[in-house]
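*Asks:* Per the numbering used here: the first sequence ends with 637, consecutive numbering throughout.
Because the hints were derived from the structure by calculation, they are not lab data. Cβ coordinates follow ideal geometry from the N, Cα and C atoms, glycine included. Among the hints, a few may not be true.
Claimed, not checked - Beta-carbon label-pair distances, calculated as ranges: (1) Arg-578 / Phe-527: 29 to 39 Å; (2) Ala-531 / Ala-588: 40 to 50 Å; (3) Ile-470 / Arg-578: 25 to 35 Å; (4) Leu-548 / Gly-480: 28 to 38 Å; (5) Pro-490 / Pro-632: 34 to 44 Å; (6) Lys-636 / Arg-511: 38 to 48 Å; (7) Ser-476 / Ala-531: 43 to 53 Å.
To be verified - The calculated lysine to aspartate or glutamate pairs, modelled on EDC-like cross-linking and capped at a C-alpha distance of 20 Å, are: (8) Lys-636 / Asp-605; (9) Lys-464 / Glu-528; (10) Lys-464 / Glu-489; (11) Lys-636 / Glu-623; (12) Lys-464 / Asp-538; (13) Lys-636 / Glu-616; (14) Lys-464 / Asp-495; (15) Lys-464 / Glu-488.
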Amino acid sequence: MKHRSATIGALHVSSPFGTAVIRYGEEPAPIQDIHLPAPEPAEAFGPFRAPDAVRRLADMLLGYFENFAMIPIRWDWLDLTGLTELQLRTLREVGDIPPGAVKSYGAVAEAIGRPRAARFVGATMAANRFPLLVPCHRVVRSDGGLGGFGGGIELKRSLLEQEARTAGEPPPFKP
DNA sequence: CGAAGAGATTAGT
DNA sequence: ACTAATCTCTTCG
Numbered sequence: 463m464k465h466r467s468a469t470i471g472a473l474h475v476s477s478p479f480g481t482a483v484i485r486y487g488e489e490p491a492p493i494q495d496i497h498l499p500a501p502e503p504a505e506a507f508g509p510f511r512a513p514d515a516v517r518r519l520a521d522m523l524l525g526y527f528e529n530f531a532m533i534p535i536r537w538d539w540l541d542l543t544g545l546t547e548l549q550l551r552t553l554r555e556v557g558d559i560p561p562g563a564v565k566s567y568g569a570v571a572e573a574i575g576r577p578r579a580a581r582f583v584g585a586t587m588a589a590n591r592f593p594l595l596v597p598c599h600r601v602v603r604s605d606g607g608l609g610g611f612g613g614g615i616e617l618k619r620s621l622l623e624q625e626a627r628t629a630g631e632p633p634p635f636k637p
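Take these sequences, add in the hints, and give me the full structure.
*Replies:* In structure tokens:
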């Protein structure tokens, strides 16, 4: 990874799936990454007050855990340093998948103009620093399987089940 | 720098 | 089930 400003704080958000953590650095794009579930040793930080963007994102996440509706992505809040153009295009594409829907790795690959790069899309999802916000859990295998998930496959299944249920549809995956 | 390895995949057999 | 194909990024000589 390239630059990325030093981490100056972390905001914890409780959810039905465990505690989520938003780590942040300096303005103007303070949000470094989101963790779910939270990394075990709770990180200790100084007496800093979270930037506005961070607190608003925390609210958005709380809202999501309540109604599982689409989270509007503020790309300008996110620290995207170190990402290549193609990776950014992939994240933007995945960001458009609404709750209750899913898209295959291959379909995303096609959407970014690399129809044979399904595996690349998978690798990019594995490196996604903004889970939930960039809904990498909505990217699944073309054969109906779930595919992988950094936070654990059972979490991915839970999220998709909740979203499908809220959208009034059957779970969009096989197992 | 070029070569080789590594994926949260896929389509075929 | 297993295999080969395919693409970008990372890591190594």
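*Asks:* Does each hint fit the structure? Answer for all of them.
*Replies:* Now the hints, each set against the structure:
Separation of Arg-578 from Phe-527 is about 37 Å and conforms to the stated range, judged on CB atoms against 29 to 39 Å. Between Ala-531 and Ala-588 the C-beta distance comes to about 26 Å, which lies outside the given range of 40 to 50 Å. One distance hint, 25 to 35 Å for the beta-carbon pair Ile-470 and Arg-578, is violated here, with the actual separation near 41 Å. Distance hint check: the CB atoms of Leu-548 and Gly-480 are about 32 Å apart, consistent with the given range 28 to 38 Å.
Distance hint for Pro-490 and Pro-632: a CB-CB separation of about 43 Å, consistent with the stated range 34 to 44 Å. Range check, Lys-636 to Arg-511: Cβ separation about 46 Å, and the 38 to 48 Å hint holds. The supplied range of 43 to 53 Å is broken by Ser-476 and Ala-531, whose beta-carbon atoms lie about 19 Å from each other. In summary, the hint linking Lys-636 to Asp-605 is supported, as the alpha carbons are separated by about 8 Å, within the 20 Å threshold.
Proximity of Lys-464 to Glu-528 is assessed by CA-CA distance (about 35 Å); at most 20 Å being required, the pair is judged violated. With a CA separation close to 17 Å, the supplied pair Lys-464 and Glu-489 stays within the 20 Å bound. For the given pair, Lys-636 sits about 12 Å from Glu-623 by alpha-carbon distance, which is consistent with the 20 Å threshold. For a cut-off of 20 Å, the pair hint linking Lys-464 to Asp-538 stands: about 18 Å separates their Cα positions.
For a cut-off of 20 Å, the pair hint linking Lys-636 to Glu-616 stands: about 14 Å separates their Cα positions. Between the alpha carbons of Lys-464 and Asp-495 the distance comes to roughly 15 Å, so the proposed pair stays at or under 20 Å and holds. Our distance criterion of 20 Å between C-alpha atoms is met by Lys-464 and Glu-488, whose separation comes to about 15 Å.
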